[in-house]
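Given next are the chains, with one letter for each unit.
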Amino acid sequence: MVSTTIEDVEPEFLDKVIIRFAGDSGDGMQLAGNRFTDASAAFGNDLATFPSFPAEIRAPAGTLPGVSSFQVQIADFDILTAGDEPDVLVAMNPAALKSNLADLRPMGTIVINTEAFEERNLAKAGYETNPLTDGSLDGYKVIEAPMESLTKEAVKDTGVSGRDVLRSKNMFALGLMAWLYSRPLEPTTQWIEAKFGKKPEVAAANIATLKAGYNFGLTTEATMNSAVSVKPAKLPPGEYTTISGNLSLAWGLIAGAKAAGLPLFYGSYPITPASDILHELSRHKNFGVRTFQAEDEIAAISASIGAAFGGHLAVTGTSGPGLALKSEALSLAMMTELPLIVINVQRGGPSTGLPTKPEQSDLLFAMYGRHGESPLPIVAASSPSDAYDAAIEAIRIALKYMTPVLLLSDNSVATGSEPWRLPERDSLPDFTVRFATKPNGPAGEFLPYVRDPLTFARQWAVPGTPGLEHRIGGLEKEEVSGNVSYNPANHQLMTDTRAWKVANIANDIPPVAVDDPDGARTLVIGWGSTLPVIKAAVRRVRNDGKPVAHVHLRHLNPFPANLGEVLRSYERVLVPELNNGQLIRLLRAEYLVDAVGLNKVSALPFKVTEIETKIREMI
Amino acid sequence: MTTIEYTRGDFQSDQEVRWCPGCGDYTILASVQKFMAASGIVKENAVFISGIGCAARFPYYMSTYGMHSIHGRAPAVATGLATARPDLSVWVVGGDGDMMSIGGNHLIHALRRNVNIKILMFNNQIYGLTKGQYSPTSEVGKRTKSSPMGSIDYPFNPMSLALGAEATFAARTLDMDTKHTVEILEAAYAHQGSAFVEIYQNCNVFNDKAFIALTGKEDRDSNRIYLEHGKPIRFGQDMEKAVIFHNGEATIVDAASVDETAILVHDQTNMTMAFALSRLSHSPTGPTPLGIIRSDDSRPTYDDGVSAQLASAKATKGEGNIDDLIRSLGTWTVK
Numbered sequence: 177m178v179s180t181t182i183e184d185v186e187p188e189f190l191d192k193v194i195i196r197f198a199g200d201s202g203d204g205m206q207l208a209g210n211r212f213t214d215a216s217a218a219f220g221n222d223l224a225t226f227p228s229f230p231a232e233i234r235a236p237a238g239t240l241p242g243v244s245s246f247q248v249q250i251a252d253f254d255i256l257t258a259g260d261e262p263d264v265l266v267a268m269n270p271a272a273l274k275s276n277l278a279d280l281r282p283m284g285t286i287v288i289n290t291e292a293f294e295e296r297n298l299a300k301a302g303y304e305t306n307p308l309t310d311g312s313l314d315g316y317k318v319i320e321a322p323m324e325s326l327t328k329e330a331v332k333d334t335g336v337s338g339r340d341v342l343r344s345k346n347m348f349a350l351g352l353m354a355w356l357y358s359r360p361l362e363p364t365t366q367w368i369e370a371k372f373g374k375k376p377e378v379a380a381a382n383i384a385t386l387k388a389g390y391n392f393g394l395t396t397e398a399t400m401n402s403a404v405s406v407k408p409a410k411l412p413p414g415e416y417t418t419i420s421g422n423l424s425l426a427w428g429l430i431a432g433a434k435a436a437g438l439p440l441f442y443g444s445y446p447i448t449p450a451s452d453i454l455h456e457l458s459r460h461k462n463f464g465v466r467t468f469q470a471e472d473e474i475a476a477i478s479a480s481i482g483a484a485f486g487g488h489l490a491v492t493g494t495s496g497p498g499l500a501l502k503s504e505a506l507s508l509a510m511m512t513e514l515p516l517i518v519i520n521v522q523r524g525g526p527s528t529g530l531p532t533k534p535e536q537s538d539l540l541f542a543m544y545g546r547h548g549e550s551p552l553p554i555v556a557a558s559s560p561s562d563a564y565d566a567a568i569e570a571i572r573i574a575l576k577y578m579t580p581v582l583l584l585s586d587n588s589v590a591t592g593s594e595p596w597r598l599p600e601r602d603s604l605p606d607f608t609v610r611f612a613t614k615p616n617g618p619a620g621e622f623l624p625y626v627r628d629p630l631t632f633a634r635q636w637a638v639p640g641t642p643g644l645e646h647r648i649g650g651l652e653k654e655e656v657s658g659n660v661s662y663n664p665a666n667h668q669l670m671t672d673t674r675a676w677k678v679a680n681i682a683n684d685i686p687p688v689a690v691d692d693p694d695g696a697r698t699l700v701i702g703w704g705s706t707l708p709v710i711k712a713a714v715r716r717v718r719n720d721g722k723p724v725a726h727v728h729l730r731h732l733n734p735f736p737a738n739l740g741e742v743l744r745s746y747e748r749v750l751v752p753e754l755n756n757g758q759l760i761r762l763l764r765a766e767y768l769v770d771a772v773g774l775n776k777v778s779a780l781p782f783k784v785t786e787i788e789t790k791i792r793e794m795i
Numbered sequence: 008m009t010t011i012e013y014t015r016g017d018f019q020s021d022q023e024v025r026w027c028p029g030c031g032d033y034t035i036l037a038s039v040q041k042f043m044a045a046s047g048i049v050k051e052n053a054v055f056i057s058g059i060g061c062a063a064r065f066p067y068y069m070s071t072y073g074m075h076s077i078h079g080r081a082p083a084v085a086t087g088l089a090t091a092r093p094d095l096s097v098w099v100v101g102g103d104g105d106m107m108s109i110g111g112n113h114l115i116h117a118l119r120r121n122v123n124i125k126i127l128m129f130n131n132q133i134y135g136l137t138k139g140q141y142s143p144t145s146e147v148g149k150r151t152k153s154s155p156m157g158s159i160d161y162p163f164n165p166m167s168l169a170l171g172a173e174a175t176f177a178a179r180t181l182d183m184d185t186k187h188t189v190e191i192l193e194a195a196y197a198h199q200g201s202a203f204v205e206i207y208q209n210c211n212v213f214n215d216k217a218f219i220a221l222t223g224k225e226d227r228d229s230n231r232i233y234l235e236h237g238k239p240i241r242f243g244q245d246m247e248k249a250v251i252f253h254n255g256e257a258t259i260v261d262a263a264s265v266d267e268t269a270i271l272v273h274d275q276t277n278m279t280m281a282f283a284l285s286r287l288s289h290s291p292t293g294p295t296p297l298g299i300i301r302s303d304d305s306r307p308t309y310d311d312g313v314s315a316q317l318a319s320a321k322a323t324k325g326e327g328n329i330d331d332l333i334r335s336l337g338t339w340t341v342k
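Residue numbers (this note's numbering), protein chains in the order written: chain A, 177 to 795; chain B, 8 to 342.
Bear in mind the hints are in silico, worked out from the structure with no lab data behind them.
Each residue gets a CB set at the ideal place from its N, CA and C atoms; glycine is no exception.
Each hint should be verified, as a subset may be incorrect.
As the list claims (entries may be wrong) - Pair by pair, the computed Cβ-Cβ distance ranges are:
| no. | chain 1 | residue 1 | chain 2 | residue 2 | range |
| --- | --- | --- | --- | --- | --- |
| 1 | B | G237 | A | P642 | 33 to 43 angstroms |
| 2 | B | V341 | A | D606 | 24 to 34 angstroms |
| 3 | A | P241 | B | C27 | 53 to 63 angstroms |
| 4 | A | L768 | B | R150 | 55 to 65 angstroms |
Claimed, not checked - If you only want the chain A side, here are some residues facing chain B, beta carbon under 10 angstroms, derived:
| no. | residue |
| --- | --- |
| 5 | P363 |
| 6 | T418 |
| 7 | I419 |
| 8 | L423 |
| 9 | N462 |
| 10 | A470 |
| 11 | A476 |
| 12 | E504 |
| 13 | L508 |
| 14 | E600 |
Unchecked claim - Think about it this way: if two alpha-carbon atoms lie no more than 30 angstroms apart in a straight line, the pair counts; the simulated DSS-like pairs of lysine-lysine are:
| no. | chain 1 | residue 1 | chain 2 | residue 2 |
| --- | --- | --- | --- | --- |
| 15 | B | K321 | A | K461 |
| 16 | A | K274 | A | K192 |
| 17 | B | K324 | A | K461 |
| 18 | A | K300 | A | K317 |
| 19 | B | K186 | B | K50 |
| 20 | A | K371 | B | K321 |
| 21 | B | K321 | A | K374 |
| 22 | A | K371 | A | K332 |
| 23 | A | K374 | B | K324 |
| 24 | B | K248 | B | K224 |
| 25 | A | K300 | A | K328 |
| 26 | A | K317 | A | K192 |
| 27 | A | K375 | B | K321 |
| 28 | A | K614 | B | K41 |
| 29 | A | K274 | A | K317 |
| 30 | A | K576 | B | K50 |
| 31 | B | K342 | A | K407 |
| 32 | A | K374 | A | K461 |
| 33 | A | K722 | A | K783 |
| 34 | A | K375 | B | K324 |
| 35 | A | K783 | A | K274 |
| 36 | A | K371 | B | K324 |
| 37 | A | K375 | A | K328 |
| 38 | A | K192 | B | K342 |
| 39 | A | K614 | B | K50 |
| 40 | B | K216 | B | K41 |
Here chain A stands alone, though its shape is the one from the complex:
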């Protein structure tokens, strides 16, 4: 038996470490990475992750397009990102080594599954000589492990056979990393037992392999100098969980529906990387959640509009191409002034683009991607845990103002994970919806476009309410009565009214909070998933005694009321975005500020150094 804590070896403590698991997409690297993350979370580290996987279901085994990776940074302080350069690379095959080595820091550690480095796999990865023997890995610390034969040996008494034998080799890699970084094994063994409870032989094989990996580390300790560890982080007091953005977004929707006192309806068509929201919501029907897997994106939003008409909190979720298909129906929701949440988990590229890669390039589509004059509120989530609050905020706006709201997430938020300090129990806001129950017209009729004088919201009267029968639709509405109207002055009035209703929300959102402790003259402004990277870059610059201010936007339409004043109070404004300059166009157009963009569309998140370097240039 191996103890799961380091008793006889005092590890060397590091403040942070970045580990990347890389292998073939069938090798279970996402799972290994997630388990390592959870074990580290349970240990008390702060952490951030960056999963990366091919869009193909199964690229040919052993090839470069088939490489899947999972990067995690663990730290004893509140880190913000998954890190720029891994300290350790686990390479399960030559393709994984080849496609990830360039990112590894100089003198970094490489853990190699040696048995995969045979002639055929080397050729598939495009190696002419074996990197294990040709000296190309000089300058790195290489740990070689014959993972396949050791896995076979470990599972031989467990009863698994045939193709199942090598399935658990990711657990070998995980066990080895657990030893190397002094991670406890209990969270993983408990997880395996729960996951494979009905297949005891599979559970036994996974646990045996996990321990074999750990033992391998222990017994070959001499070759690795010593084990290292990262102490628990000093996070603000509270109760934490580790959360990915798609899950917290789904939970935020359930919570927001609860806060409104409405049943939740989620209409969606499967699309990467938004599908997990559908998966998660469909598991929680006991919350009164109805999920509708539609025949296409248009049906998904149309059904949601039907549910909204019926008095449900209606949500539809998708990713970029899906948003395009929804745009006509989104305009209908705008014209009929029904509350609706439209989630867009942005991904890279036009058309099918890069479905599993991050980009923030649908902002202008969210802003303008409809026909006619049809401005809508836009809210963006900036991290996996923030998605919960962003969802609740989108719901609050939609219901209070009777309007569709666009909620932007992206692949980094959706699939990344981080510790989340949970809200207190019973802390949900209360925005209970009050449907219209009585006629509001002078002749005892119901006039659907009578507006609240403060919010300009119309009343929500749902079918089944006696005396409030009314018709809504996509044709232009006459003010108050809602009858079809082609009157020129009426169209001007209604267009202006709808725009004003959205613009007025600026008075109902918090002014932007400027993070500027030192009276800086340079401001960095961002939105969405770049939050942690920008914060880390700002922190590094400040650590050198150089002042720089930071603003991060949750509300992208309308902008907070004080934004113009804030922007104009800085000499220099930097706008980093994972697109070719979308927020910056809006800021320049709205406020006439001479902002500078930092743009990247390489299907990768910003590195902290990229933003840091740009800030230093500008200061």
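Following the hints, position chain B against chain A.
Chain B alone, transformed into the frame defined by chain A:
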């Protein structure tokens, strides 16, 4: 519980009805209002949803809840409403262009799911609102503004299409036959699940007399095949024609030429028979089945299935609790 007595007027909205003079839609509107008044449906529980097109103006003229939505999407909007609110009586109204072309996908999936919605498709075999282009039900060779040399598109057979999409109720009627239309609407309403009702509707501006074989005084008796469940299928002025199965297909014969036992007895629960009958007329230029081609109540409805899963989840897991949900992956505490 008190039963409310309605008249047709209770279902007429204050909006001026604006179809072309002589349009078949007027008669259908009257039939629907007449049916509604007698149906026992509580007025505030009725909802009419439409897409875009002439027929899609229908909800404005009904004094019920309603939505005039967007091109072709009415079945999807109605699916969401019926799923969220199974207590409502949800009706979809649209034309052949709206439902078979731009909205074809939503139509077939609503039927496949058996959502409890009633779909009324006014088929005039032409695009009216966009002024006269051929539609997915127009015959080959149709000359229109967009097909000056004649349409080379092969038309849908709406009944076959609906049955192929697993419709549990499919029926056909004529705009001008108010009595028959009301009967069909009653049957559609009584049916548990999606009901597809094709109503031949005359567009006197762009496709006048498309159904003259069924509506003209001279030919109508010899061309209307009224289907009745459990009755032998005979038609004609003197019931001199009959439908039999021959070589695996429904075939029209002189009744006198076959043995009485050979005449097909209509069984609306039999899908094979329903499909065979749907093939009798592709375009109403000859004998055409009218009435309920298929009605089968044995399949559960989609909205009932959704409600049942919600109830079952609550029964087994209890009412959901947010605080427990967000802690369900395990938590740790920092002091």
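With a cut-off of 10 angstroms, does the beta carbon of L508(A) approach a beta carbon of chain B closely enough for the hint to hold? 5 angstroms, holds
Does L423(A) pass the interface hint, meaning its C-beta sits closer than 10 angstroms to a C-beta of chain B? Cβ of L423(A) sits 8 angstroms from chain B, so the hint holds.
Holds or violated: is the Cβ of T418(A) closer than 10 angstroms to a Cβ in chain B? 7 angstroms, holds
Between K186(B) and K50(B), is the straight-line Cα distance small enough, at 30 angstroms or below? Status holds; Cα separation ~22 angstroms.
Taking the least C-beta to C-beta distance, is A476(A) closer than 10 angstroms to chain B? 8 angstroms, holds
Hey, K783(A) versus K274(A), does the alpha-carbon distance stay inside 30 angstroms? Holds, at roughly 20 angstroms.
Please work out if K342(B) and K407(A) have their alpha carbons no farther apart than 30 angstroms. 15 angstroms, holds
Are the Cα atoms of K192(A) and K342(B) separated by 30 angstroms or less? 21 angstroms, holds
Given hint K324(B) paired with K375(A) - CA-CA distance at most 30 angstroms: 24 angstroms, holds
Please verify whether K576(A) and K50(B) have alpha carbons no more than 30 angstroms apart. Holds - the C-alpha atoms of K50(B) and K576(A) are around 29 angstroms apart, at most 30 angstroms.
Hey, K324(B) versus K461(A), does the alpha-carbon distance stay inside 30 angstroms? 9 angstroms, holds
Taking 30 angstroms as the top limit, are the C-alpha atoms of K300(A) and K317(A) close enough? 25 angstroms, holds
No hint from the list above goes unmet by this structure.
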